[in-house]
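Take these sequences, add in the hints, and give me the full structure.
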Amino acid sequence: MPVPENYAARERLRDGRSVEIRMLRADDQEDMLEAIGRTSSQSLQRRFFGPKRSFSAREVDFFMNIDFTNHVALIALSDEDGNEVIIGGGRYIVTNSGTAEIAFVTIDDYQGQGVASLLMRHLIILARTAGLKQLVADVLPGNTAMRKVFAKFGFQVRRGKDPQAICLELSLH
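1 is the number of the first residue of the sequence shown in UniProt numbering; add one for each residue after it.
Incorrect hints may have been included.
[Unchecked claim] Heads up, simulated DSS-like pairs for lysine-lysine below, C-alpha to C-alpha not over 30 Å straight-line:
(1) K133 - K152
(2) K161 - K148
(3) K148 - K133
(4) K133 - K161
[What the hints assert, rightly or not] Now the in silico label distances, taken between C-beta atoms and shown as ranges:
(5) D81 - K161: 41 to 51 Å
(6) A151 - R58: 25 to 35 Å
(7) S171 - E80: 34 to 44 Å
Hint data in this document are derived by calculation from the structure and do not stem from the laboratory.
By construction, the Cβ of each residue, glycine as well, lies at the ideal position given by its N, Cα and C atoms.
Okay, structure coming up:
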C-alpha cells in the first residue's frame, strides 16, 4: 500500500522524457516558487481563477505544509541541464468526510506532455488507498485542456457553488 510521504515513481512524458513523480517536501519551497515564476500568468489564472503573480507568506505556508492525510501534494520533476526542476504539481485537500478537492498546475514549457495526467493517476491511487470516496474539481470553462484530462479519468459534471466554474466529480468506488 503506497504511503504518500514516501511516494515516488518514474514515468515518461509524451515526448519520451523521463520524469519523477514524488511527494512534495518542505525543502522543495524554493524550487516550487521558481516553477511558479516559470508559469505564465494565463496558466496561473486558470489554476487560481484570477490574476496571480506572487504568493503571501501565509499562502506559501499553506501550499508547502502538507500533512499527507488531509492535504496530499505530488510534484513532477524533470532533468534540465543536469538539474532536477519542478515542472508541475497536483494536490488534493479533504473537504469533508470521504471527499477531496483536486487541482493541478503545469509550467508552460511542459503543457501538452501529459504531466497533469501522470499526477492525476498517482493522486487517484493515493486517494483510493486513503479510503476517499470521491474527488471533486472546479475548472474554468475555457480551460479545455484540463477539462479533457478530467474527462479522460471519468470525472462527471455536477452542480457546483461557483457559477463561473464547471464542477466535476469522480467516484472512487
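Checklist entry - If you check each hint against the structure, which ones fail? => result none
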